[in-house]
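Taken in sequence, the protein lines are chains A and B. Last residue of the first sequence: 240 (this note's numbering), numbering continuous. Last residue of the second sequence: 128 (this note's numbering), numbering continuous.
No wet-lab data here; the hints were simulated from the structure. Take the hints with a grain of salt, since some may be wrong.
Coverage of chain B stretches by chain A, computed from C-beta distances (three or more under 8 Å per stretch; other residues unrestricted) [to be verified]: (1) 46-58; (2) 115-122.
The calculated SDA-like cross-link candidates involving lysine to any residue, where the alpha carbons are at most 25 Å apart (straight line), are [as the list claims (entries may be wrong)]: (3) B/84 to A/239; (4) A/36 to A/175; (5) B/84 to A/36.
Backbone N, C-alpha and C fix where the C-beta goes; we use that ideal spot for every residue, glycine too.
Residues per chain, in single letters:
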Amino acid sequence: MSDNPFSLWVYLSQSPLLWLTVTLLTYVATDAVSLKTRRHPLANPVLHSLWIIGAFLLLTGTSYTTYFAGAQFVHFLLGPATVALAVPLYENRRRVAAAVLPMLVALAVGSLTAIVSVVLLARAFGLPRDIILSLSPKSVTAGVAMGISESLHADPSLTAVSVILTGIMGAIIVTPLMNFTGVTDFRGRGFAAGIAAHGIGTARAFQVDEVAGVFAGIAMSLNALVTSLLVPLAATYLLR
Amino acid sequence: MIASLSLILLCQLVGEVAVRALAVPVPGPVVGLVLLLLLLLARDRFPVLARGPLGDDGVESASRGMLANLSLLFIPAGVGVVQKLDVLAEHGIAILVILAVSVIVTLLATVATFVAASSLLSREEENP
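Can you build the whole structure from these sequences, using the hints too?
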C-alpha cells in the first residue's frame, strides 16, 4: 500500500471518514470566516461550504452517493435539531404566547405567498411542469420538502437543491432587506426568515438575535405543516 | 450529554412512530418538538421530573449546542447540487431568478402581515 499513494486515495475516497471530515472541516473554516466578518450576510457558511465541497467532488471525480455515505451522519442531525428548537421556544414561551395571533395570520399569508409566487413565476418563465412541481415546496425544510416532492411524483433531489438555494438566498438577503424596510421588531423579522428560508433562515436569525431565532424556528415548524397541505392544492389548481 | 441526546432522539422517535401510526401529514420531528416542549413545561409543574437530562441544564445545553451549528446540517443536502448541474445548465438562470424573487416577496409579505397584525391587536388591547 505504501508503495502506491494512489491506493491510499482509493481507500480513503470510498470511506465515510474522509467525507465526514471534509464536511466538518469546510464548515469550521467557512464559519470562522463568517465570524471574522462579524456574520456578514455574504459570508454565509452554507453557501461557501457548498461550492468548496462541490468543486472538490468534481475535481476528484467523486460521486454524490460516495460523498453522502460520509456526510449522512451530519444530515441525520436535521431531525434532532428540529426537536431541539423546543428549548429556545420554552425559554421564550411568554413572548411567543403573546404573539400567537400575529404569527398565525403571518403564517397563512407567508406560506401561501411562498408557494403561489414560485408557481406563477415558474409558469411565466415557461419552465416544464415537473420542474415547477419540484420547485413548489422550496420554502420548507429539506426533509419535508423532499417528501412533498415525492408524493407529487416530482424530482426530490431537484427539490432539495431548490430548498437549499432558497435558504441561502433568504439568509443572505433577510438582514439588508429588513434594515431597508425599517422593521425593528425582531419577532416579525425572524418569523419571516423562518417562513421564507426555513432552517437556513433560522440559522441566520439565531446569528442576528435570539428572539428572531426563536420566532424563525416556530415559523419553520408551522410552515412545514401548512406547506405539506397547500402544495398539493396549488399543484391541482395552478398547474392544470 | 448522552442522556440529553437520547432524550432528544427519543422525542423524535415517538414523533415518527406517532405520525406513521396515525397517518397524519405532519413531519415526525415537529411532533418531537411539541413533545419535548410539553416535557419542559411539565417539569415546571412537577419538580420530580427535574432529573437526568431534564435537570441541571442538560437537554437545554445539548439543544443550544446543536442549534448554534444549524447551518452545518444543511451542507450534505446542499452539495447534492453537483448532481443537478445539467438541469441548472439548462434552466439555472430562470430558477435562480424565480427563487430569489419568490423569497423576497415572501419575506416582505410575511413581515408586513406580522407587523400589521401585532400593531392592530395591541391597539385593540389599549382601547377595548
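A quick look at each hint next to the structure:
1. Proximity of the segment 46-58 of chain B to chain A, defined as three or more residues with a beta carbon under 8 Å from a beta carbon of that chain, is not established by the 0 residues found.
2. With 4 residues having a beta carbon nearer than 8 Å to a beta carbon of chain A, the segment 115-122 of chain B meets the requirement of three or more and the stated coverage holds.
3. At roughly 23 Å between alpha-carbon atoms, residue 84 of chain B and residue 239 of chain A fall within 25 Å of each other, so this suggested pair holds.
4. Pair hint residue 36 of chain A plus residue 175 of chain A holds up; C-alpha atoms about 18 Å apart against a cutoff of 25 Å.
5. Among the hinted pairs, residue 84 of chain B with residue 36 of chain A is inconsistent with the structure: their alpha-carbon atoms are about 32 Å apart, more than 25 Å.
Taken one by one, the earlier hints fail for this structure at numbers 1 and 5, listed in ascending order.
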